[in-house]
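Visitor: So the protein sequences, as listed, match chains E and P. Mapped onto the working numbering, the consecutive letters of the first sequence carry residue numbers 1 to 335. Mapped onto the working numbering, the consecutive letters of the second sequence carry residue numbers 336 to 630.
Worth flagging that the hints you see were computed from the coordinates, not collected in a lab. Just so we're clear, the structure is a prediction, and the values are computed from it rather than from any experiment. Every residue, glycine too, gets a C-beta built ideally from N, C-alpha and C. Don't take every hint at face value.
[Claimed, not checked] In silico negatives: residues of chain P with every beta carbon more than 12 Å from chain E:
#, residue
1, 351
2, 371
3, 419
4, 472
5, 498
6, 508
7, 512
8, 514
9, 517
10, 519
11, 523
12, 529
13, 562
14, 575
15, 586
16, 589
[What the hints assert, rightly or not] Simulated DEER-style distance windows between Cβ atoms:
#, chain 1, residue 1, chain 2, residue 2, range
17, P, 532, E, 95, 32 to 38 Å
18, E, 9, P, 521, 36 to 42 Å
19, P, 498, E, 46, 33 to 39 Å
Single-letter residue listing:
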Amino acid sequence: MYLLTFIVKRLLWLVPSVFGIIVITFVISHVIPADPVRLAAGDTATPEQVAALREELGFDRPLVVQLWYYVQNLVQGDLGESLFTGRPVVEDLLGRLPATIELTLVAMIFSIVVGIPLGVVSALRRNSLLDHVVRIVTVSGLAIASFWLGIMLQLAFAMHFDWLPLGGRFDGFPPPTVTGFLLIDTLIDGDWEGFGNAFSHLLLPALTLAFPALATIVRFTRAGVLDVIQSPYVLHERAMGFPPSVIVWKYVLRNALVATVTQIGLLFGILLAGAVVIEAVFDWPGLGYYAVNSIVMSDYNAVLGFTVWAGVIYMLVNLAVDVVLVLIDPRRSAA
Amino acid sequence: MSGFARILRKIAEDRVALIGLVLIVLLVLVALFAPLLATHPEDVWEIHPELRLLPPSAEHLFGTDRMGGDIYSRILFGARLTIVIGVVAVGASLLIGVPIGLLAAFYANWFGDLLMRISDVFLAVPQVILAIAIAQTLGPSLPNVILALSLTYWPWFTRLVYAETKRLQNEVFIEATEALGASPWRLIVLHILPNISSAIIVRISLGMGFTILTAAALGFLGLGAQPPVPEWGRMVAESREFLPMAWWYALAPGLAIFLVVMGFNLLGDGLRDVLDPRLRKSPGRRAAAAVRRGS
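Let the hints inform the model, and build the full structure from the sequences given.
Guide: This is how it looks when you write it as structure tokens:
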């Protein structure tokens, strides 16, 4: 019950936050020096045609009025039409969402599955060779430019060795869409070759995307374990003769992971932002690729729609993280 | 000054922080003496079509680019840009973020709440995305990239200053000073700021790393300085159409970004250990070893 009020309270906070995001992006994207209407109208348009289009798109009205209409439409789930594809932005975004989610999820799962054990072992064997190697990798993960890492991986594995494809999501015709995730759709289709095809395309971008996330998870898990392992209850358990593996993987980890789980929420932001650049490097047909293209073409509605979406998804993930945190550590719900 | 000397000595004792400091000192020296160190300083502007895409050699240490420019010399001059981007963007975020954080902490009413809510909204959108949106709308140029980075980074200072000030306000010595009738100004300048400066310094160092990395990403997407300005992220982007043949073209600027960001991150981490007594080297080592041995 307590959890329910907590969730409801947090959900209510979403409303002003989303409104804030809209205002910020709206104000920013409407002080553009480039004239999107002229771009949309094309080079051959006469001044009269441009003026007509401006009126039709509503760009001649005051900013506040435009904002009001935008919010009104948004509440009904309408983000306007892309000035370039001519399709509703919501449709464009929805169509590209699965590709980005698949990429982000695989990267996230990889960094959690590899990162947490690595962090624990690194903390238990503090200052060993393994710990030093892990720390070097961790520090590098946060310092390396992801676009550069992606290009280097392409250079090695796609160009030099020719083991993996250079970019894209699938060769040939994709399987019939059920979930939109190619890894799952190929399996549903029973198409093992297709699964391998999708997987080989996913590997490099997912690894590139996962690297900084992995570094963060290892870092916080290591710090968390080091912190918890000194506490009196661990001493008590040791005195009681519990096997070390039970102490570490059952009791220490649960408390040590609080910091890590908080980070996972923030990480999602890193991943989402990283996806923008990495999708551009690997021609991955997701939200980020769409956003970069819309930015290049000054496509207002598309950029705005993407930013609002990214903000909302990010906030929802962080809400979910907070709920998980309360489940791990019930003392938190009091705060 | 003795405090500064003390910090320097402690950094020298911490191997990790020392590596960071060395990397940054190198960056500054390279930027200052770029005209002297560069083998082809004129290549920042000049083009030599007959020398394009040469592999590394004694004459061109890191090879040449698509215009025949010496990549080594261009990277040295790029170091200047990198420093300018980092210093101006972090400096501006500091000037915006710190006063807002202090105001929010001192006005514990709707006004303080509003300020913190606004900074939360900025943090609610992943920063790179917001920076891209801003840099794009303002038009691709270096000053606009710096502006975009400043507009997105300030909330980190606000949050930090707010949290640290709130923590201090509960301390007895602050309460006592307040009770003695000190003005808020006196309180902030003489008591709050000196006590939160370590945390701010650590954040500045990490912020430099983050801003330089983000600026490189914006440059890579074509939103930053326009050619022939030797911006590192832009250079990586230019190299793409000549891969895999001209591998050196992509390698050198990426490594430069990596080393500089690494330097700031390591220094920031080291400074945190040195400056923040609460996080000073913990006695966890023995406990960890004991659990592992099962003793």
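Visitor: Each of the hints needs a verdict: does it hold here or not?
Guide: A quick look at each hint next to the structure:
no.	hint	verdict
1	351	violated, 8 Å
2	371	holds, 28 Å
3	419	holds, 18 Å
4	472	violated, 5 Å
5	498	holds, 14 Å
6	508	holds, 27 Å
7	512	holds, 29 Å
8	514	holds, 29 Å
9	517	holds, 31 Å
10	519	holds, 28 Å
11	523	holds, 28 Å
12	529	holds, 27 Å
13	562	holds, 17 Å
14	575	violated, 7 Å
15	586	violated, 8 Å
16	589	violated, 3 Å
17	532(P) - 95(E): 32 to 38 Å	violated, 50 Å
18	9(E) - 521(P): 36 to 42 Å	holds, 39 Å
19	498(P) - 46(E): 33 to 39 Å	violated, 58 Å
In summary, the numbered hints that this structure violates are 1, 4, 14, 15, 16, 17, 19.
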